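Its first residue numbered 1, the sequence shown is counted upward by one per residue in our numbering.
To be clear, the hints were calculated from the coordinates, so they are not data collected in a lab.
Keep in mind the model is a prediction, meaning the values are calculated, not measured.
All residues carry an ideal CB built from backbone N, CA and C; glycine is no exception.
Take these hints with a grain of salt, some might be off.
Said to hold, decoys possible - Below, a list of computed lysine-lysine pairs in the DSS-like style, where the Cα atoms sit at most 25 Å apart: (1) K328 to K429; (2) K407 to K418; (3) K368 to K280; (4) K377 to K284; (5) K377 to K418; (6) K413 to K368; (7) K375 to K413; (8) K328 to K341; (9) K407 to K368; (10) K407 to K341; (11) K284 to K375; (12) K418 to K284; (13) K126 to K284; (14) K375 to K418; (15) K341 to K375; (16) K429 to K280; (17) K105 to K126; (18) K341 to K284; (19) K328 to K413; (20) K429 to K418; (21) K280 to K418; (22) K429 to K407; (23) K280 to K160; (24) K413 to K280; (25) K407 to K375.
As the list claims (entries may be wrong) - If you anchor each label on the Cβ, the simulated ranges turn out as follows: (26) S268 to R242: 27 to 35 Å; (27) Q430 to R197: 32 to 40 Å; (28) P415 to E125: 14 to 22 Å; (29) K105 to G342: 39 to 47 Å; (30) R448 to P323: 47 to 55 Å; (31) G244 to R294: 26 to 34 Å; (32) V449 to D203: 22 to 30 Å; (33) P322 to D239: 23 to 31 Å.
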Amino acid sequence: MLKMFPKTHITIAAVAGVMVTAAALMSPSSNVEAKRISYALDLEQGTLAVSELIEGSGASGGPLATLEPQSPAAVIPARGKITEPELQWQAFEIRSGDTLSTLFKKAGFNDRIMLSVIHGDGEAEKLQRLYAGETIRFATDSLGDLAAVELQRNRLETLKIQRTEDGFQGQTHLREPEARPAFAAGEIDGSLYLAAREAGLDDRLTMELAGIFGWDIDFVYDVRKGDRFEVLYEALYLDGERFGTGRILSARFVNQGEENVAILYTDSQGESDYYTPTGKSMRKAFLRTPINARISSPFNLQRRHPVLNVVRPHEGTDYAAPPGTPIKAAGSGRVRFAGWKGGYGRAVVLQHGDNITTLYAHMSRIGKGIKSGVKVKQGQTIGYVGSSGLATGPHLHYEFRVNGAPKNSRTVKLPDAKPIPASEMSRFKQVTGQRIAQFDRFRESNQRVALAGNE
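Take the sequences, apply the hints, and build the full model.
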């Protein structure tokens with residue numbers, strides 16, 4: 001008869017019998033309310049289910065017991081591990097002056113434990129880089145030992161470190177926000193910054209908008225009252241709550257009656273940039289200005305020199321700015337000269353192709369790694385504003401030369417960056433056509449809302 005059952009089933013039945021007998025011997029009298037344990041043996045599945053038997057006083061004549069099944073976690077497999085209890089967490093907001101050592105001590109752990117964590121595998125060493133405003137959490141197990149550490153850098157990024165059989169192991173977890181299209185429009189009365197704020201754009205989007213059109217429009221001198229802009233951008237949501245903004249998808253800027261339209265396009269290689277609807281790049285091979293500052297002295301070939309008091313051509317443009325302001329390379333190229341250059345003081349000269357050079361003078365210091373022969377990229381910091389050489393105050397002197405002849409950098413026609421290649425044009429038209437249609441729908445909706453609000 002016993003051969004009909006597997007050995008594991010017979011073993012479980014035997015264990016159950018012993019436990020039931022023990023429970024009967026230790027059970028309280030009928031006058032004492034107590035909890036008893038019931039065991040349900042499943043020979044088919046090979047499991048032992050545990051339940052509590054609640055006994056009441058038998059004097060009432062009512063039912064002596066009701067059976068309350070445990071949660072599924074209480075089902076003990078015949079072969080396997082019992083589910084571990086939940087971890088206990090404690091969190092600390094990182095403040096200025098906090099160190100990793102002090103935070104570990106607050107959580108009840110010494111430096112030895114801290115070192116074992118940061119010397120763990122994966123990205124555990126990143127725990128050493130702490131910033132005020134972040135949140136760090138420590139988890140302990142039932143024995144009080146450290147089981148996990150989590151560093152939440154922001155709502156999207158969390159460094160999670162867990163204890164394993166081989167020590168601590170860390171990994172960065174990134175959450176992907178939901179991007180929804182949003183629209184904003186405004187008219188300039190005083191400045192782009194104020195108009196953008198009134199339209200609901202944050203500072204980052206405003207700077208991005210200026211950067212997109214900044215190749216053709218000087219936002220310090222070219223913007224006029226009555227200029228208009230419209231922007232379709234990404235509003236980012238997390239858990240249904242808006243918390244930030246993403247990229248500008250398309251934009252329109254009317255400057256002194258001239259319309260400029262830019263569309264974000266990602267090519268088949270995954271590279272993204274802004275183009276006109278015809279496929280012309282919004283970028284130029286050169287920045288119009290290498291620094292965001294006011295002009296203190298314009299290009300003038302008949303100017304009287306302020307220090308020497310003689311008529312000497314001013315072959316560049318001066319931009320007044322505080323000492324230490326970063327100076328950007330106007331275009332990609334190679335460093336032709338970097339050092340002291342007579343009346344120019346500390347200066348850098350860049351060679352762009354065969355026939356164009358740019359000069360940046362009166363620096364307080366030259367950028368790190370900037371030396372003769374080094375390649376630089378457009379927008380890379382090559383130095384910092386100063387007043388070295390023949391200068392009356394801190395400013396940048398910037399020259400733009402074509403075949404050695406000085407040109408007014410603010411009016412010279414700048415060469416365009418590469419347009420959409422012919423092989424990509426069919427895909428470009430399809431994608432941008434959809435984006436333009438989306439932009440028009442949002443613009444029309446915004447106009448209807450504005451008209452309804454004026455009625």
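How the hints compare with the structure:
1. A C-alpha spacing of about 34 Å is found between K328 and K429, which places the hinted pair above 25 Å, so the restraint is violated.
2. For a cut-off of 25 Å, the pair hint linking K407 to K418 stands: about 23 Å separates their Cα positions.
3. Distance restraint check for K368 and K280: the Cα-Cα separation of roughly 34 Å exceeds the 25 Å cut-off, and the hinted pair is therefore not satisfied.
4. Taking the CA atoms of K377 and K284, the gap is near 13 Å; set against the 25 Å cutoff, the hint holds.
5. A distance of roughly 16 Å separates the Cα atoms of K377 and K418; the hinted pair therefore holds under the 25 Å criterion.
6. With a C-alpha separation of about 31 Å, the suggested pair K413 and K368 falls outside the 25 Å cut-off, and the hint is violated.
7. Straight-line distance between C-alpha atoms of K375 and K413 comes to about 24 Å, which keeps the hinted pair within the 25 Å bound.
8. About 19 Å separates the Cα atoms of K328 and K341, which keeps this hinted pair within 25 Å; it holds.
9. Distance hint between K407 and K368 is unfulfilled; the C-alpha atoms sit about 28 Å from each other, more than 25 Å.
10. Note on K407 and K341: the hinted pairing holds, with a Cα-Cα distance of about 20 Å set against a maximum of 25 Å.
11. With a C-alpha separation of about 18 Å, the suggested pair K284 and K375 falls inside the 25 Å cut-off, and the hint holds.
12. For the given pair, K418 sits about 9 Å from K284 by alpha-carbon distance, which is consistent with the 25 Å threshold.
13. Restraint check for K126 and K284: not satisfied, since their Cα atoms lie roughly 39 Å apart, outside the 25 Å limit.
14. Between K375 and K418 the alpha-carbon distance is near 20 Å, which keeps this suggested pair within the 25 Å criterion.
15. Our distance criterion of 25 Å between C-alpha atoms is met by K341 and K375, whose separation comes to about 20 Å.
16. Between K429 and K280 the alpha-carbon distance is near 12 Å, which keeps this suggested pair within the 25 Å criterion.
17. For the suggested pair K105 and K126, the alpha carbons sit about 19 Å apart, so the restraint of at most 25 Å is met.
18. Between K341 and K284, the direct Cα distance comes to roughly 29 Å. Violation of the 25 Å bound is thereby established for this hinted pair.
19. Distance restraint check for K328 and K413: the Cα-Cα separation of roughly 19 Å lies within the 25 Å cut-off, and the hinted pair is therefore satisfied.
20. Of the pairs offered as hints, the one joining K429 and K418 holds, with about 17 Å between alpha carbons and a cut-off of 25 Å not exceeded.
21. Taking the CA atoms of K280 and K418, the gap is near 8 Å; set against the 25 Å cutoff, the hint holds.
22. Among the hinted pairs, K429 with K407 is inconsistent with the structure: their alpha-carbon atoms are about 37 Å apart, more than 25 Å.
23. With a C-alpha separation of about 45 Å, the suggested pairing of K280 with K160 is violated against the 25 Å cut-off.
24. Under the criterion of a C-alpha separation no larger than 25 Å, the hint pairing K413 with K280 is consistent with the structure, at around 15 Å.
25. About 23 Å separates the Cα atoms of K407 and K375, which keeps this hinted pair within 25 Å; it holds.
26. The hint said 27 to 35 Å for the Cβ distance between S268 and R242, and at roughly 32 Å that hint holds.
27. Take Q430 and R197: their Cβ atoms lie about 36 Å apart, and the range 32 to 40 Å holds.
28. About 46 Å separates the C-beta atoms of P415 and E125, a value inconsistent with the hinted range of 14 to 22 Å.
29. The beta-carbon spacing between K105 and G342, approximately 59 Å, falls outside the hinted interval of 39 to 47 Å.
30. The hint said 47 to 55 Å for the Cβ distance between R448 and P323, and at roughly 51 Å that hint holds.
31. For G244 and R294, the hinted distance range of 26 to 34 Å is satisfied, since their beta carbons lie about 31 Å from each other.
32. Between V449 and D203 the Cβ separation comes to about 25 Å, which falls inside the hinted range of 22 to 30 Å.
33. Separated by about 42 Å at the C-beta atoms, P322 and D239 break the suggested range of 23 to 31 Å.
Checked against the numbered hints above, the structure violates hints 1, 3, 6, 9, 13, 18, 22, 23, 28, 29 and 33; every other hint is satisfied.
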